[in-house]
Every structure is written in C-alpha cells, then in structure tokens.
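Visitor: Fit chains B, C, D, E and F to the given chain A structure using the hints.
Letter by letter, the chains look like this.
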Amino acid sequence: MPERVGVYICHCGSNIAGKIDIEKLAGFAEKLDNVALVRDYKFMCSDPGQNLIQSDLEAGLIDRVVVASCSPLMHENTFRKVCERSGVNPYLFTMTNIREQCSWVHIDEASSTEKAMDLLAASVRRAVYLEPLEKREVAINPRTLVIGGGIAGIQAALDLAEAGKEVVLVEREPSIGGHMAKFDKTFPTLDCAACILTPRMVQIGQHANIHLMSYAEVEEINGYVGNFNIKVRQKARYVDADLCNGCGMCWEKCPGTRVPRKGNVHEKLSLGPTSSIYMPFMQAIPAIPVIDRESCLYFQKGKCRICEQVCERNAINYDMEDSFEEFEVGNIIIATGFQPFDPSVIKRYGYGTLPNVLTSVEFEIMNCASGSTGGKILKADGTEPKSIGIVHCVGSRDKHYHEYCSRVCCMYALKFAHLIKEKTDAEVYNFYIDLRCFGKGYEEFYDRLLGEDVRFIRGKVGEISRWVAEEDEKDQLIVRVEDTLVGAVRRIPLDMVVLCTALEKQDGLDRVAKMCSVSVGKDGFIIEKHPKLGPVSTATDGVFIVGVAQSPKDIPDTVAQASAASSAVLSMITREKIEIEAATAEIIEEKCSGCRICNNLCPYLAINFDEEKKVSIINEALCKGCGTCVAACPSNAITAKHFNDKQIFAEIEGLLSAR
Amino acid sequence: MLKKEIVYESTLDHDFLEEIYSLPGGHEIKKCIQCGTCSGSCPTSHVMDHAPRKIFSLIRAGFREEVLDSNTIWFCSSCYTCSVRCPKEIKITDVMYALKRLAIKEGKTKGKKAVVLSKNFVKLVNKYGRNHETELMTRYIIQAELFNAFKFIPQGWKLFSKGRLPLFPHKIKNIDQLRKILKKVDELGEI
Amino acid sequence: MKYTYYPGCSVKATANLYQESIDAISPILGLELEELEDWNCCGATAYMSVKELMSFAISARNLALAEPFHRDVVTPCSACYLVLNKTNQYFTEYPDLRKKLGQALEAGGLSYSGNIRVRHILDVLFNDVGPEKISSLVKKRLDGLRVAPYYGCQIVRPEMGFDDPDDPQSMDRLIESLGATSVEYPLKTKCCGASLMGTEEDLALRLCCELLTGAESAGAHCIVTLCPLCQMNLDVYQSKVNRLCRMKHNIPVLYITQLIGIALGLPSKDLGLDKLAVKLTKPVKEILQGA
Amino acid sequence: MKRIEIDPITRLEGHGKITIFLNDEGDVENAFLQIPELRGFEKFVEGLPIEEVSRVVPRICGV
Amino acid sequence: MEFEPKLVGFLCNWCSYTGADLAGTARISYAPNLRAIRVMCSGRIDPTFIIKALYEGADGVLIAGCHPGDCHYQEGNYKALRRYKLLKRILPEYGVEPERVHLEWVAASEGEKFAKVVNEFTDKIKKLGPLNMKQSIFDSMKEDIVVHESAGEEKGGEADEA
Amino acid sequence: MKLKVGIYWGAACGGCDVAILDTHEKLLDIAAKMDIYLWPIALDFKYDDVKKMEDGYLDAAIYSGAIRNSENEEIAILLRKKSKVMIALGACAHLGGIPGLANFYTRDEMLKRIYIDSESTINEEGVIPLESWNVKEGELDLPRFYNTVKTLDQVVDVEYYIPGCPPVPLQIYSALSLIWDDMLPPVGSVIGAGDKALCESCPRVKEEKTISEFKRIQQVLPDPEKCFLEQGLVCLGAATRSGCGARCIKSGVPCRGCYGPLDDVPDLGIKMLSAIASVLEPKEEKEIDDVLDTIVDPLRTFHRFSMPASILRRKKE
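Residue numbers (numbering that gives the first Met the number 0), protein chains in the order written: chain A, 0 to 658; chain B, 0 to 190; chain C, 0 to 290; chain D, 0 to 62; chain E, 0 to 161; chain F, 0 to 316.
In isolation and in its complexed conformation, chain A is listed as follows (with noise of 0.2 Å):
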C-alpha cells in the first residue's frame, strides 16, 4: 500500500491565516501525490488540534505526518508525542515551517502562499520517504574523572566524594595545588592562600571516594557519555610511595640542582627544596618527593645514589618505569587550568634580557613565605628595591598574543601592589589600559589601594630599557609610557618591574580536548556548550570543564563553576540512564570499500575502522548525527538516518516542482 500522508495546516491565529491563503495551500495539497487527507485548525498546537491527529492515526486513516505550522525548533517534540500516543513512530512526521521562515518574513500575500505551497510540497515528498527510527538509552557509570587537580579539580572531586561518587583525580604534576599553592594572598581578602587551600588538599588525599592520581597524565579516552574508557600513564617518581614517608632525608642531602643555588635571587626563586629528588613545595599532597631526571647525577652520569643511601625505608627505586592503569568512568570533568604567558618574546620589555623584570608568576613565588626568599620582596642583587612597576595586560588584549582579557591580571596587581606597600617602602607604579574591578569587594580594594599611595598611570607601556638619558637613571630600568589621562610621555626610571603576563591555555589542553572530542576556540580554550546557559557542559555529553580551561577566571570564580560541573555530573549520575540521539548515521557494510575517507571526518571519533571485515563502522552511541560522513562518502556507503539522500532529494524536487 502507498504512504498515506496526512497534512494538517495550523493557522496559528492570524499569524499565519493572515498572510497565507489557507485555502488555496489546502487545495494545494489536496492534489499532491500520496496526501490522503487535508485538515486545517485554528491552533495545532492545542489539544483539539493534536486530538485531529491522533484520532486520524489512530484510525489509521493515515501512516506519516505532516504539520505546515510554526518552526520545528518550536514544536517538532510537540507532534512527535502525537505520534507516539497515537502508536505510530515520531520518526514518520515532519514539519512544514510556514510561520518564521513564511509569513512572518513577508508583505506580499500571493509570495507568502505559493512559497507555502513549495515548503509544503517539499515535506510531502520528504514524508513519503521518511523510516521509523528506535530511540536508545544508555546506563551512566558512577565514577567521574577529573583532569587536573588544581583549585578548580579539587573543588570538583571533593563535592562528588561528598556526595558519595567516587572519583579519579590525575594531576600532572608531582602534587595537587596548581597555581594557587604558589600565593601567598588571594584578592581582594587577603586570605592566606595556604590556608585555605591546604586544608582541601589533604582532604583529597584522605578521601575514600577519591583516588588520586598525582605525577600521571590521561593518554586515552574512548567510549561515550556513560561509559568512558580511560587509559593514565603514572609517570615514575623513582621512589615508592608505599614506602616513602616524607622524611626529607633525601632532598637535604641530594647533591644535584633542578633549581641553581648559586646566582642572583631570582634566578633561583623557587619553593620547595632545589634539589634533583624534591617536592614541588612543603605541603605538597601527596607528600611523596620525586627525582628530575634531568639534574640528577645518578640519571645524567651514573653515579651518586645518595638519596638511595640516606632512605631509611628504601623508598628510592631508580628502575621505576612508567606504568598505566586502565579503568571506566561515566563522567569527566576537564579542570587542566592555565600557564602564565611567556613575556620573552615581547623584546621591547626586556624580559630574560633586563635583571629585575620578573612575571607575576615569579612575583608570586617571592612573595610566598615559604619559598626562597622567605617571602621578601628583593631586586636581583639581594637589596630592597626603592620602586617598582607592575605592568598590566602583557600578552593580553594584543592581537600579536592573545586578543582576550585574561580577567585576573588587574586585580592581582592590586594584590602585589599592596603587598609590596605592606612589605617595603617602595613607590609603586601600576601602568593600566583600564581597571577591571567588577567582582564583589574588588572595587572596594582598589579604592583602599587608592588610599595606599599607589600610583596609578594609564597607559599601556612602550618600552622598558636601560637607555639612560639622565644621571638618575643610571642602573635603573626605564619604562617609557605615555599618561593618558595627563596626556603625557613620561619616563619613569624603576628598580623592578613585575609584568603581568596572561593566563594562557594549558599545555596539552588541545590534546585533551582531542581526546574528549570537545573543540577549542581561537583563544586555545575549551569551547563550552552555551556560554550562558551551558557554562559547564560541552558539545560532547558528558565532557565538563572547570575554571581556566574554559576561559580566564579567578578563584570565587573557579570555584563557583567547579561546584556547577560536579553538580551537572550528579545530576546525570542520578539519572542513572540517558536517551541518545536516534537521527544518527549508519554504514551498510555491504557497500562499504574501506577507503577510510570518513575515518577522519568525525568530531566525536565515532568511526572506526575494522581491519578484519575491511569496513568502517559507525558508533551511534558516539554519533550525533551531524551527517559529514555521509555527504562525504564516495559511495553512498553511509546514510544519515531521518536526513537520507532520498528524503533530501524528495526535498529538493518538492521545493522545485510547482513551477
């Protein structure tokens, strides 16, 4: 028996009646090949109207429908449901948008209704082609990954723990903490940064729910939202972290440099011990050292294995190789935060050229009481610099770098600007293209700096040299900007300059990203779902990100939408199963050849290529149906399902056939 078709013309009040010739397009479609009836109401949407589809199908009057409504963005679920109380498969409806894109766009009466009459023949034709589809569900896996274990993770992976959800946690570096263990004070407060953080890092590292993988990195993922498969590379630390027990033996007595202890202060500003087996810094989680390869003398020439000797435990291992360890997950969480733009390639600040040109990085490092200089701000010669100056935006807001505003920059300047009030009697120079105090407390900060005797020059600088014109300037760095607001060109000789270098994206967040089948935008940064309304999801189901690895943020911030992801993760868990995509791709085997051209198409790895039977196959629990294999495919191997070939080209002879 030939497809019955169905078409029912809404006419959306006068929005449509009143500029489509209802009747006309009734009669239109009266003749159309394979229509079996033609209704038209006030209002489809409503429950009469969808009451004259379902009775129609249930009387089995007809087999597939068509609805010449509004868009389908806005009612295509509406008529499915039709469909499926009605017992008759969502799939086998289609919508003909004669509001949006007909008579809402234009004047002229007899233009809305033959283009109506097109539209509407395109889904008859469109309809008659049109297959049943299954919709398909998937079981979550409880256990969430999270990826990098910085402010942002930690948050995260503790809020899922408490919640009783267990969690992996891979952290690159030998200790959790990221940038922050490195402060000393967070803006606008003050708070000690140790003391907040430390408190949560131990926490992880208590945690029964939470299995930390610190010193490792995430090589693989596969699979899909649910039902992820994870491969991590524990990198070798060289010493057994059953055994050790953070004794400190070893680094005091390690004879080898990661960090030089000779040279001028800053070339050794560093935290933890400077040694080739060391911790990151003191209270570093897990608090298990680990040996640089690089610097250590056993490594690089083959003898020494002092630390060997002085571990009481016999933690020292120096055939340790890397090892992996695979498990599944149904969630991941992407926290893999920034690193600090390197100012090196900006020439005209002198950065690595010029003593006393530091990053914020380096600053910060100073600044904090534990590290090398105990917390003393010091010019490279060891004495107290009488003035400093803190340059805004290096390598942000510059299209030679990075287009954005790292967001944070301003108000950690703040930050250094009153540390350095509190902790010298330096003059203090903020050079600024504007002052971005938007968050709670933070104007009030810089209104309290105002009052701290900090001068404010806005204006971005030009230079920083030693091109000494005047004798006062001798063995001083000079910065040359213009005062904006004086409207002036100044030269304002400094004993120090701190650069204020950008959040960049982290190494390897491409590969990540890749790994996830998530984009990056231009700016390096994960693309998220919907900026506003999808802050933490991504393209991929499943995929969250977290704090910098979405874009620049600062800590409330981090935090904030840490908490969002994980929440976003129990709420999926809680689901305990979700609905995938129906409309998906499918490849016949049987017209296969194996020329691999779609492998590589698909943004979320979907296709793989299996090398026995010589054919590439679709993953539909992977596939969103995108369809760029399928236009791809040489030789029609691939159809998308609900999009096929033969319903477009019904579609496209439909558009085209009244005249």
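Bear in mind the hints are in silico, worked out from the structure with no lab data behind them. Values in this document were obtained by computation on a predicted structure and should not be read as measured data. Even for Gly, the Cβ is constructed at its ideal location relative to N, Cα and C. All clues given are correct.
Pairs of lysine-lysine, DSS-like flavour, derived with a Cα cap of 25 Å:
1. K285(F) / K398(A)
2. K161(B) / K284(C)
3. K16(D) / K50(F)
4. K284(C) / K138(C)
5. K132(C) / K1(C)
6. K284(C) / K157(B)
7. K112(B) / K157(B)
8. K315(F) / K42(D)
According to the in silico footprint, chain D covers these stretches of chain F (three or more CB under 8 Å from chain D):
9. 15-24
10. 60-70
11. 95-107
12. 112-118
13. 137-148
14. 215-226
15. 296-304
Guide: Coordinates of chains B, C, D, E and F only, in the frame set by chain A:
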C-alpha cells in the same frame, strides 16, 4: 577673556569619523582602545600638539579642525614603531599618511614645511623619474626656509666637497612610460 | 648568487660611498648584483604623503620591470626596501589596489603578478651569505673594535620578517663575524628623525643626539648603519648636533658594507671611507691598522 | 541510375558506408566512401593535464 | 513581469535555521524567493544536493552554517566550506556562474543578517537572470533528435517535463 | 535453444569488442550458447538484415559506445526494437565515456576545431560535414554529429549495464552467462562488476586521510604500497565501482572512474568532489584555496568517463 568653552555637539563634525574610517586602514581605528602604546613608543610624540592616541580620540569625537590643523601628522617620521606595537594592529603610520593627504587636499598646509618638501619631491620624481637631492633641497629652501637658507650651507658644502652631492639630475630613459602610468592613476582616481 | 639590484636615488647620490663599498665587497662574497635597467624612485615617505595610489604605482613600476628576471630584488636603502615591500604586500592583500595598479601598469605597457621578493642587502648578507662565510673570508680581524649597530626604523618595521622589530640581531652577528664587538645598544631601532632633518631640524638633531650619546655611553668606537638617511643624519649632521646640544660627539658612522670591506682587507679608497663627514677617529684607525 | 549501399562495411575498425552508383550499362559511375567515425579528440584533449593525455587518446582506437 | 528567482537554501539546524527563525520572530521582512531545507549541520550538505537543486530549477543555492569555530558539531562547517570552495571552482566548467552558489555563516543570533543575506543573494541572482539548467540542457539537444520510423517518443522524456 | 544476439558499437573505440574476443577459449562457450546476428567488427551482417527481423527477434542486444551521432541513435533504437534485452557494454554506453568529454563544448566548437583549426588539415574553403549532399548521381547523407553526447539509456531503455573501459573479458563472460543461465538480476542492474567501490579490491594500504597538497603523478615517485589519495594523487577509486581488478592501480596509475558510480550515487564526479574536499587539511579560506590550486582540472578529472551520465550532463551554452 576665557579661552576655552564647553564643546557643543553641534560644533563637532561627526561626518569626519566616517570620512576617516573610509580611508585605507581608517576603519581599524574604530578598534582603538586608547592604551597609549603608540604615543609611548613614538620618538616624536612629545613635540606633537596631540600624541597619536589622542588624534584617534579626537577623530572619534569629531574634532575635525584640531586633527587636520595639528602638527602631529607632520611630525610623523614614518618609523612604524607604533604600527608594529599597536595591540589592535592598527596601521597607524598608514593612517597618518592618509591624514596628511587629507590635510593637503583641504589646504591645511600653512606653515607646514613638510608639505613643501613632499610636494617638491613628487614634482621631481614626476619630472625625472628619480629624486634629485640637490634640486630638492634647493627648491625646498627657496620655498620654505629662504630666511634660514644659510643654515643649510655647512652640511651642503660638506656633502658637496666629499663628492656626495651630484649637480645634475638623472632622468630615467622611459619617463614617458612612468608618466603614462601616472596619468592612468589620475584617471582612475585615488583609492 | 644573482640578484636584481635596486640602488635607490640616495645610494646614487649622497650615499655613493655606500654604493662604492657594496661594489667592492660583492664579488668577494659571491654576490652578483645586476642593476635593474631604468628603475625609478620608489616614492619614499614623501610621495605617500601626497598621493597614495600614485606612490604605489611608481613603486610598482620597478617591481614590474624586475619581474621578468625571476630573481629577488635587493636594495641597500631601508626606505626603498620598505616602500617596495609594502607595495608588494598591499598588492597581494588588497584586491582593489591590485586591480587599479594593474590598470595603471598596463597603461605603461607593463604588468605585475606579485611574484617578486624584495630584500634588503642586510638580509642577503646575513641569510644568504651568512656570518660563517664572511668570517672565513676576513683578512683583517677587527678585534677590539667596539661597534654600535644602528638599524634604524624601516628595515625592521613594519614587520618584514627577517629580523625582530624591537631587538634585531642580524647586524650584531655580522659585526661579530668580523671579530669586532657589538655593544649593547638599546637605541638600535630608535628613529634618527629621517626626513624631519629637512623640515624639523631641531627635533631631528635632538633625536640624533640621543643616538650618538647612547652609542658613546655604550663605549662604541663607531656606529654602523645600513640606511642612507640614517648615515647622513648621524654623520653629516654630527657637528650640528654638537652645536645644538652642546656636546662633543666625535663618532664615525660607517655603513656595514664599509666595515665588512675593511675586514676583507680592501683599501679604504675603494670603500668610500674618505667620503665620511666624521673622519675615522684615532682609536678606530689604530684598531684598523693593527688589524 | 542504380544505387547500391554497403552499410555498414564490416570486419574493420570503425564505421563506414559505401555508396555505389551504377549507370544504365551497369558499370560503376561513381562510388563514395563515408567514415562517420568522429569523436573530437582534437578538441577535448585541449587543456587536459599532460599526464591525462596518454590515458585519453588510447580510446581513439582500442582494436 | 520582473524575474523572480527561485532559490534553494540549505540551512544548518543550530545556527542558520535558528537565525532564520529569529528573523521571523523579530518580523524582519525579506525577499520571499528562498526556500529553505533544514539539515542538522552544514557538513551534511552534499554538493550533489546543490547540483541537483540547480538541475531541478533553482536559480541559485544558498548554503548557511555556523560561523567558523561555532559549529555545533565542531567542524562540520569547515567541511562545508571546503566542499563549497571546490564546487565553486567547477561551476564555470558547467557554464554556471559561480555566484549562483553562495555560502554564508549565519549565527543563531543573526536574524537580521539572515534577512540581509537573502535579500542580497536574491538581488544578485536577479541581476544574473534565470538559470533554467534543465531546459537549457534539453534545448541544446533539440537538434540531436532522430526522427523515428515509428511514432515512438524520443527517449529521455524529461525534456518534456522541463 | 541457442540465444540470438546482436553486438553493435556506437561511438566506441572497439575496445569493448576486443574485450569480448579477449575471453579467449571462453569464446567457444559463447559460440556454443549464442548465435550472433550482427557484429560489424567481426561478422558481415548489414543493417538491412536487422531491419528485416521481427520485433523482439533477438534475445539480447549488446551495445557498446556512446550516442555521438544520429546513426548511433538510430541503430540503438533499431536494436532495441528487435531485442528482448538491451545491454550497455562498456563505459561509453554506460556513462558516455571518453567521447563524453565533448560535452564540455558545443557541436560548433568541436567542428571548428576538427575541420577548420586543425593544424594537420588543409581546408581553405572551410568545409565541414553536412548531413546531406547532392552529387550529380543523387543525394548522399551522413549521420548528424550531435551537440551532446548521450549514454545509451538516454535514448533507449536499457536492462543491464556491463561497465568498464574496457570491461574485463571474464566479467563480460560471466555477465553473458547470466543470460543463458537465466539468472538475470532486476532490470536496471549493473552486471559483471562489484557492489562496492574499487578500494575494496585495491591492494594498497589505506589509512585515515588528510590531504594538504595534491600532486601530479609525474611529480612524485608514489609509494607503491600506500593509497594514492593519501599521497595527494587524485584517485577516483573510492567513488568508482569495483570489478576491474584494480588494473590501473596495480600498474601504478590512479583510478579515473571508468566503472562508474555505485548504486544510488547520481553523480560520481560531484560525489568524489565532496569526498576529496572533505578530507583536506586546512580550515582557513586562503589555505583551502592554496590546496585546491594544486588540483589540476578538477571537473574533467572527476568526470573523465561520466560527464554525459552526470546530473548536469553537459556544459550550459
């Protein structure tokens, strides 16, 4: 008497912005964030009436006279430091050229010695196909610096005595070709 | 290595010493510079201030003349380098301009497709010849000579790609390859005032004064440069700078090609050294003689 | 005048037809051979990438 | 009567179709010549669809997708762009002005842009005139018809259809 | 009873006929199963012999060659009438083949080039062939040289297609055996060939593909083990029906598509275009253009054998 007054919108020329924006490279100055990198980098900004950054501000506000009358554009030595450093990659030097041309077009050249030099340069190139430094300086001195002519003597003599100042111009062989090209450009109209 | 050579107007006149030294060293370094027949002025900075399209058009004529030879165009003048390069770059970047220039050139029976690379002689000396080769050809090492490398503006800006716009190194390396010391000179790319020397003399003199002071305070025996205008401003105007700024600068300003020529052992006559306004000073002479 | 057509001529490569006119005496007055075998390789090899020419022209005759 | 081109549009579901809907919601009126086909992603657009549409009588074909970097499926729009670019190169070989096929990035928020794109495209095709691909193919074969002994119709009767 | 068969060539090169002969000893089997009633290349039947047959007299007609002129079409119509089954043999009858490249031009352009502008022809009066010509003995006529080359199925109904330029002899034999074994598939099928693309039978190793530059065969020494396309050589194998045994590929030459498209692919060339464009590396417009610049003559390459069978069929005038 008070010299400064409140600036009324009606006294400003808002078409000026569009005019400037439509110059080659001009639309980029919409993106200026007034950071001051240009002025802070410019070797001559300290003697300018308005530093380059401020010029952009004035343009955006519609201060047509101030911009075209200012000495700023004539102090630009085309060192391109601002263009290279501008975080918004505005081709500032090109904009300066465009403003120079606009000022010349509008006759805002009184007392602007650079204009005399440039115009004579153009004349010479059109005449010979090449610059003739001796003639250029002679013409320039007569037209712009007659009363200061003596100050050019020592350096001129130095060059001449070292054999670095040829007396006669070199005319290119195919000057006709060059002129045909220039004539065509004239027909096509400037960009 | 064969190139099409575009000297530019200045090199044929006030900078003829530059030309002489280029002529002298090229054969030794294996450079074959064939002068472009009937080239015309590039337009420099002045033409651009008056007419834009015309300025591009006259500049493009040279490129069109050079194209049939399928060789890189080399020029020793920074302004010519910038203008020809800019024409080239805008020609490819802006289709409108390309079209108009095409029509203009056609009127002169010429055409240009944008396939010529314009290079500065420094680029060629550094990248094609290279410090190693130059070093191997040195006959008189300039040990002890402290040189301030002055690049000026238009060779490194707007970004031309072969060296850093703020901290170029190519000439430093060449100087070192001769045995001399390249001093740390923070002003190496600061502007000398260029053509402002004609119109705003005081300003330009002050800029030059900074440069000279900078070089002297860095302990340089001489300044080495590669642009006719820079050389003229620093050399010929040095006495005037002294008068205005009440200084006593006495620092010779050589072209890099002259310095190379000296190290290659060529007689000073061939290198146009006698044409310098500031004569070689005693310490320089001593080192050169001792070399 | 009698007309004889041999159409097609066979057992050779290509198409052809012979038209023979006999006069009243039955002698051949005139005969015409037609070869309508026209493809136009002359035209469509123009502008072909040179490496393709050697793959296209063998199709002039495959016998 | 003025020539009213018939245009087919292939719009990606997430950006351009939504953008077109927004033009509707905002009641921005534009030329009625474009008939849209919704696909999930511009990456689904097989150049065959475009050729088919031109053959079936479209005077122009518009492809619209998410802006680069914004693709809902990450990179489908780049594939659309590449296919489009190659397709444009061969259109002149068919004697079809390449301007008849046009690609635009229209975001979900760009209702106004969508209207503008359709208006401009319609104008452009109006200037180019009708394409009549199918008809012209059969017109070009008009002289190629053998007079059949029997009154049988010439095969390839699509010509009648056109 | 033996089958009655006619074999004819339209605008062909004779390669298909030779391919039939190249079945070698199997030719004896064919002769045992079939009686041939027309085969100009080998046997001396005349058109009149065919015309005299009753309609449907022949069991099968095997037609190679494209429809280039009115004679090709007339005989196609004649054979159609006289046969129960019509088989298109070879790329020309199937797709238009190499003669179909003429569809990038008009009849007038073709004739001008061939007769007027030809370097090796002296034709001062500019004579071009006419369809009829009066000599004193009477009128002579010539077939009309068409404006557009057509495939066989564009002029008559065709039941089966045996693809290839030329078809593989054994494939012809097995296709013919379907007739005498009465095992013919549904009308419209391609017989004597595979159901998948050529890549299936290509011996080269295929991996994931990303192309950043196309090369021409003379510019490189291709790796004999590796997929041509992955080496930047345009190969149509992925869009072309298998069955040829990858003869070109094995000789080190990329596929040009003579076996035609797979089922349900309406346009081989455009589909190949889509596939190739999909696997390019760059994303930026400028870079895409740079890569595309390296594809020489794309459309004619993609439609080397199939222009008349493609959707648009010919260049618009």
